[in-house]
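Chains A and B, in that order, give the protein sequences. Letter by letter, the first sequence follows residues 5 to 311 in the working numbering. Letter by letter, the second sequence follows residues 48 to 353 in the working numbering.
Since the hints were made in silico from the structure, they are not lab data. Glycine residues also receive a C-beta, built at the ideal position from the N, C-alpha and C atoms. Where hints are given, some of them may not hold.
Unchecked claim - Pair ranges (Cβ atoms, derived):
#: 1; chain 1: B; residue 1: L167; chain 2: A; residue 2: G24; range: 20 to 28 Å
#: 2; chain 1: B; residue 1: Q114; chain 2: A; residue 2: I16; range: 51 to 59 Å
#: 3; chain 1: B; residue 1: L313; chain 2: A; residue 2: Q98; range: 33 to 41 Å
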Amino acid sequence: MHVARFITRRLIQGVVTVFGVLTVTFFLVRLSGNPAALLLGPEASQQAIAALSHTLGFDQPLIVQYGKFLGGVVTGNMGNSLAQNLPAMGLVLQRLPNTLELALSSFVLGLVLAFVVVLLLQLSGSSRLRNAILWFASARQAIPSFWLGLVLVLVFAVQLKLLPSIGNQSIKSLVLPAFTSATLELALYIRLLDGGFGDQLRQDYVRTAYAKGQTRTKVIVRHMLPNAVLPIITVAGLNLGSLLGGTIVVELVFAWPGVGQLLINSISSRDYTLVQAAILVIALFFVIVNFLVDLLYSVLDPRVRLQ
Amino acid sequence: MTDIAINETGLAPDPAPESAPRLGDTPRRKRRLGLSPSLIVALALVLIVVLMIVVIPFLPGYDPLTQDLTKRFLLPGSPGHLLGTDQLGRDMLDRLALAGRTSLSIAIPAVAVNIVIGVLLGLFAGYFGGWLDNVISALADIQLAIPIMLLLIAIVSAIGPSEITLIVVIGLTNWVGYARVSRATAWQLREREFMWAPKTHGASRPWIMRKHLLPNVIPSLAVLVPFDIGVIILLEAALSYLGLGIQAPTPSWGGMIKDGQAYLSLSPLTTVLPGIMLFMLVAGLQFASQRLTGERDGVRQDAFSQ
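Please put together the full structure from these sequences, using the hints given.
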């Protein structure tokens with residue numbers, strides 16, 4: 005019963021999020037002037053603008069346009085790309101695998117490494133090592149990813165000529181972009197997991213475990229680890245969703261043929277149907293991931309369902 | 048969650064005294080508000096960048112905008128160009144300084160908007176509770192549910208980039224941290240004597256909030272501010288790198304990196320230097336903030352979840 009209500013609430017929240025982002029984009033585009041005029045540029049004649057407005061439907065009342073737009077969102081038909089005259093949704097979906105490849109590999113790499121690092125830190129019990137690693141994690145969070153990516157290109161592609169710097173031809177192409185994003189993920193999860201362990205240290209159950217003669221390794225791995233992981237899951241979900249936003253920047257650095265690069269290129273070519281399709285896909289990804297994470301969380305931690 | 052938030056901001060004493068470590072405790076960083084070496088380093092980084100931003104525009108020969116194609120990519124130490132020149136022969140040092148000024152002129156107003164919205168909503172939610180609390184918490188949840196980078200790209204792509212757009216959008220979408228801290232403090236203090244005693248003198252609730260609640264919130268917010276300025280500087284830099292932030296000819300660190308990228312092998316410094324400035328300022332601000340809060344995880348947990 006509780007589970008069903010929980011799921012329904014999360015679903016509604018997700019739909020509201022996607023709806024909100026799309027509505028904001030839709031009305032802002034309309035508020036900022038006639039998209040047809042923007043598309044044709046400042047030198048276009050009034051007739052040309054009026055003709056294009058008519059073909060694209062911008063001469064209809066705003067509410068009609070909005071209704072058609074929402075209908076398009078539901079059916080997945082966002083109209084044709086203005087620049088390429090192909091279905092916008094198809095163009096975006098064609099790019100999606102590349103983006104997922106980059107985003108997911110950085111996410112998994114960062115998360116797994118963070119577990120290894122933090123577990124080793126806890127087992128070693130060295131405060132100096134811990135401070136050093138936390139310092140590196142904080143420092144990484146203060147470095148813009150696009151700059152780090154370019155420095156890596158400078159070292160590994162320009163100077164050492166070891167790795168390709170642009171495109172996605174082979175698995176070697178993935179190394180530099182994935183490393184750039186993964187280090188940021190790693191920094192985030194190291195700090196989160198370390199905080200998670202820190203919260204567990206003074207819990208009664210840890211003292212009890214030690215009191216009954218449990219070894220340090222077993223207390224850390226068996227008792228503390230599962231509890232330290234729980235808070236990570238929510239943040240990991242939110243973060244995996246916004247990772248796609250961060251990937252946009254990294255895609256541009258490495259000319260990675262993904263949704264982010266397509267989005268930024270369509271913004272500069274004023275191909276607004278393509279822009280809206282790309283934003284819809286990214287927002288949907290974010291919402292779906294968060295939903296799955298919430299489900300996972302309610303399975304792992306029964307307290308969530310009882311709230 | 049309320050207790051944790053309060054502890055992290057240093058309002059309440061640590062529940063477990065440092066003198067009583069337990070078996071299996073890893074040694075924890077001591078909570079000291081004095082000038083530790085790492086705090087001095089952090090403040091020095093910020094100071095260097097701020098001094099550059101403030102002083103360089105007053106030096107003779109300051110000229111971040113004039114192009115001179117005969118003097119492209121001069122190396123650092125060239126006469127008149129301490130840090131060399133960029134792809135259009137403009138002085139790097141002057142441009143770095145002006146870019147820093149632009150960056151702060153977005154980050155500081157944006158944070159100010161965040162604080163005003165966050166504190167108002169947080170205090171009302173915490174002090175009055177009830178349905179108002181529910182509504183404000185829901186607002187915070189919605190805001191957290193939308194990735195800010197995506198929202199910024201969506202809005203800028205629709206209405207075009209400008210400094211005002213950046214300030215307004217970031218200002219309206221980044222207040223949850225402040226609301227969370229204010230709400231927790233208000234919630235904690237609302238039953239205390241100094242909160243209800245003035246009512247016997249006929250004080251109104253808004254007056255009590257302003258005179259007795261607000262001063263108690265400010266210290267815990269103050270340390271959040273430098274951290275957040277760092278976050279916003281990075282956000283603006285990323286947008287400018289994508290071409291959606293500060294527009295040429297106004298220099299920005301992100302924009303300089305974007306322009307330098309095309310000449311990466313010819314003149315690496317054009318790309319590397321703005322990144323170093325960004326790192327110095329953001330790392331300085333965030334390290335200082337972390338040392339002052341003594342925070343451990345440094346990551347915003349979800350807003351009002353208990």
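For this session: Against the earlier hints, flag every one the structure doesn't satisfy and list their numbers going up.
Result: none
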